[in-house]
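Protein chains in written order, with my numbering: chain A, 1 to 510; chain B, 511 to 1020.
These are calculated hints, taken from the structure and not from any lab test.
Watch out, some of these pointers could steer you wrong.
[Claimed, not checked] Straight-line alpha carbon distances no greater than 30 Å define the calculated DSS-like cross-link-like pairs of lysine-lysine that follow:
id, chain 1, residue 1, chain 2, residue 2
1, B, K990, B, K769
2, A, K259, B, K799
3, A, K149, B, K752
4, B, K752, B, K544
5, A, K242, B, K659
6, A, K250, B, K795
7, B, K795, A, K242
8, B, K990, A, K259
9, A, K259, B, K759
10, B, K544, A, K259
11, A, K285, A, K242
12, A, K242, B, K544
13, A, K259, B, K795
14, B, K990, A, K150
15, B, K795, A, K34
16, B, K544, A, K250
17, A, K480, A, K259
18, A, K250, B, K845
19, A, K149, B, K660
20, B, K990, A, K250
21, A, K250, B, K760
22, A, K242, B, K769
23, B, K799, A, K250
24, A, K250, B, K752
25, B, K795, B, K759
26, B, K990, A, K471
Quantities reported herein were computed from a predicted structural model and do not represent experimental measurements.
There are 2 protein chains.
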Amino acid sequence: MAGDFAKRNLPSSTHGLMERARRTPMALWRNLWKVGRDDPRRAIHALKVGSALTLVSLLYLLEPLFEGLGKNAMWAVMTVVVVLEFTAGATLCKGFNRAVGTVFAGSLAFFIECIAEELGTVSRALFVGASVFFIGFAATYVRFIPIIKKNYDYGVLIFILTFNLITVSSFRVQNVIEIARDRLYTILIGCAICLFMSLFVFPNWSGEELHYSTADKLEALARSIEACVMEYFQEDMTIDQKSSRDTIKKGYRVVLDSKSVEESLALFASWEPRHSRLGYRYPWKQYVKLGAVLRHFAYTAVALHGCLESEIQTPQSVRMLFREPCTRVSREVSKVLRELASSIRNRQHCSPDVLFDHLHDALQALNSAIKSQPRLFLGTKNAQANSMIAAQTDQRSSSGAAALASVKTDISALLDFRTKRDQTERKTLKPTLSKIAMMSLEFSEALPFAAFASLLVEMAVRLDLIIDHVKELARDAHFKDCMEKHDIKIDVKGYKESARTLATNVACVE
Amino acid sequence: MAGDFAKRNLPSSTHGLMERARRTPMALWRNLWKVGRDDPRRAIHALKVGSALTLVSLLYLLEPLFEGLGKNAMWAVMTVVVVLEFTAGATLCKGFNRAVGTVFAGSLAFFIECIAEELGTVSRALFVGASVFFIGFAATYVRFIPIIKKNYDYGVLIFILTFNLITVSSFRVQNVIEIARDRLYTILIGCAICLFMSLFVFPNWSGEELHYSTADKLEALARSIEACVMEYFQEDMTIDQKSSRDTIKKGYRVVLDSKSVEESLALFASWEPRHSRLGYRYPWKQYVKLGAVLRHFAYTAVALHGCLESEIQTPQSVRMLFREPCTRVSREVSKVLRELASSIRNRQHCSPDVLFDHLHDALQALNSAIKSQPRLFLGTKNAQANSMIAAQTDQRSSSGAAALASVKTDISALLDFRTKRDQTERKTLKPTLSKIAMMSLEFSEALPFAAFASLLVEMAVRLDLIIDHVKELARDAHFKDCMEKHDIKIDVKGYKESARTLATNVACVE
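Chain A extracted, bound-state conformation (with noise of 0.2 Å):
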């Protein structure tokens, strides 16, 4: 151990040395080969970059075309350079940015010229110095308002760039417009090839890239709750522990991380020419709704997740009694997720109403899985102790069981979550058998799993407002309608009531 400890730390060694020397290639071609192998795409775009750096370098390498445009061809290989990104999307914002910075650098370059061309030598260079100190200033000033951070930063900065670079080259040379000329050429020849690359030659689509991601997303997220809910049950805790909470997390960190690649591959998308040409503007910014809801789900699973790392634990013998109904109510809300994801990713108008009845199912058997139950948990351990102090406390028991009596729908009220606060008086219910004998559960071993079903039962009821959105986004995105017309359309009320009638169960066991 303390050999192997040496190894590691003291690198600088001369067997460190060539340790690492025999290791890293091999690190870095496992590396190339995964990043090819995660995303062939990028090899595909590295392959394009490569073909449009050549094509541009025949701007030089042919005779005529270099006779014609000379050393303005360095313009074109710049603008391939920074302008090709990797989805068509980007590519088109910056091309855009770099056209409009250019077009507005040069005139405003132009326009200064001409005022500058009046003056004599010494007035005319402390003119220029001032222009180019005064537009310098304001442009980087304006590129910190937010909106045109978001959208425009690129432009500016080429604004910038090419007005000084025009400026200040033009104050020894006398053909300025010839000069403009030929390096907008070049500049349109760049964009002109980087356009056809993106467009034309295996292009990326930053609105696909958007409108899958949030497929996978939706799928991530019933993998996370799935592994969640298995874990939660599972006897040997000892089995694929790591690599079920890997799945667990990796499964809601993809969703919330996702904030800002969503926003700009959302803007990228915006400028793809594809989705226009349908007639009507794409619902991009539906996408980063979906993303916004789709953390808050996460939030959710991300608690659940705290209950399996939590110190207080719920006895597996008592865990198992539920272990059915759970895992039920879990695979049907990763059903929904799934069924939600395959939606997206076929563009079908298919609800999941279809499969609300299961869920519906699987949160009755849930309900009814906690009412059956009750007088197994007298079976524990502590029952003894409890009749034995059962006993000394009967006296006082009346207030007690008065408490019991009152016991009301509470996580059923998250259920209406988002009507309007309307709280008229609530019913007391009577009591009835089952539910007494359910307190009869001991409390604490009661408690986090009353927390894990109820945030299992949230989650089913938020389920209900990423369907709101993802139903918005099919109906803004014209959604293909589904194929199969023969769907059980199950009233959503229904669903919910049972949500509701085991919420009151789940504030029971509590």
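Got chain A; can you put chain B on it based on the hints?
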């Protein structure tokens, strides 16, 4: 209303256009003013860029320099525009990337040129074209490797750009070495101006920004928690609710959204020379770790905020009973957070131990408030109904009482959440009269408050983790020792004990 709607939706009408034309400059001006007022360093940075550009344009404007460097002065302009960033660290990082990229590209281009010189015209063109393609492909592919993307993306971009420019431009030019030398000079001049401007003229340090933003985040959390608890106990729900919710949301949003900014600031900070001269590597990574812990803490703040927005609410009358102690706990938690913030801000070791006893007292006060008030619950509006139903359920109450008997210290286990799982047999506590009386508090009314209180307690627990990280940071960053040596050191165990006792009571209320 309808007219207003039309106005807003038909800006294309004449009136709308005029209105817009009138408003836009004003809005722009307000925006510009706000940008500068929010952070005056932005205006200073803009002035610096203007000055740097003017300085660099002197290469053109002054006769002798122009004779010397010729048209290559363009490269200095380009360097200034692209490299000069807001903070010193970012400028250094970009400047380093640019320098290394340029040098590598230049060497490679020179090497390829040497080989190409031996070939005939056609085969030379083919060779250059092929190398352009291959290098372009390889470099673009390498940019997808995460570690390269994170640290050297810009350098690789510059490498591609420079390599292509040199290779293709050298194809027709004889004096490559000379060109390369002149270009390197001008780039060095540009870099020198950038370094001078960013290091010596009103420098902005990424490190400082990271440092103070961490303190700011602690303070924002403190504000958020205070506002949250204040609103929870506010009697008049209409007063200032919006602004208070804004404070709450802003407080935790600042923390939740900080990940990427924090990471890049830490990256840039590690480039800054200022802290390195202290003789040890400044622990920028500690800030990133502390940020992660703060985000974790912020999740609890989000959950606490969720208590305000939930549809189930403990009645004001019941809440009011705990107003004082809860507000006190939140005040003490905020105080500790503020103390940590000021410890970071002043780079002082001053530990928050002196505040621990206050928090300890506050937790105990909440504890005894919960203990001393149980009778009052019986006085709520449902007491009558309770006693009525109590009569009916009297015969079944023994099992309910048994459940009460086994109430155990649940949430207290949370307090040890970082200790290993060593779930030994838990002792069954004998119920005290007060506990049983407490159970007569209505279940539905107590539950939300119990959730609120336990979140508050959990916060006090997580505070411990934050304190640990701040202490670690203080140690690694060699903060000054505290001025006051007469701090009353309260051992953390005592504080935890009190939190645990409180948690027991919270669990009982549940």
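Each hint tested on the structure:
{"no.": "1", "hint": "B:K990 / B:K769", "result": "holds, 28 Å"}
{"no.": "2", "hint": "A:K259 / B:K799", "result": "holds, 21 Å"}
{"no.": "3", "hint": "A:K149 / B:K752", "result": "holds, 29 Å"}
{"no.": "4", "hint": "B:K752 / B:K544", "result": "holds, 22 Å"}
{"no.": "5", "hint": "A:K242 / B:K659", "result": "holds, 29 Å"}
{"no.": "6", "hint": "A:K250 / B:K795", "result": "holds, 23 Å"}
{"no.": "7", "hint": "B:K795 / A:K242", "result": "holds, 26 Å"}
{"no.": "8", "hint": "B:K990 / A:K259", "result": "violated, 39 Å"}
{"no.": "9", "hint": "A:K259 / B:K759", "result": "holds, 17 Å"}
{"no.": "10", "hint": "B:K544 / A:K259", "result": "holds, 26 Å"}
{"no.": "11", "hint": "A:K285 / A:K242", "result": "violated, 37 Å"}
{"no.": "12", "hint": "A:K242 / B:K544", "result": "violated, 50 Å"}
{"no.": "13", "hint": "A:K259 / B:K795", "result": "holds, 23 Å"}
{"no.": "14", "hint": "B:K990 / A:K150", "result": "violated, 40 Å"}
{"no.": "15", "hint": "B:K795 / A:K34", "result": "holds, 27 Å"}
{"no.": "16", "hint": "B:K544 / A:K250", "result": "violated, 40 Å"}
{"no.": "17", "hint": "A:K480 / A:K259", "result": "holds, 28 Å"}
{"no.": "18", "hint": "A:K250 / B:K845", "result": "violated, 36 Å"}
{"no.": "19", "hint": "A:K149 / B:K660", "result": "holds, 21 Å"}
{"no.": "20", "hint": "B:K990 / A:K250", "result": "violated, 41 Å"}
{"no.": "21", "hint": "A:K250 / B:K760", "result": "holds, 27 Å"}
{"no.": "22", "hint": "A:K242 / B:K769", "result": "holds, 25 Å"}
{"no.": "23", "hint": "B:K799 / A:K250", "result": "holds, 19 Å"}
{"no.": "24", "hint": "A:K250 / B:K752", "result": "violated, 36 Å"}
{"no.": "25", "hint": "B:K795 / B:K759", "result": "holds, 27 Å"}
{"no.": "26", "hint": "B:K990 / A:K471", "result": "violated, 58 Å"}
Violated hints, in rising order: 8, 11, 12, 14, 16, 18, 20, 24, 26; the structure is consistent with all others.
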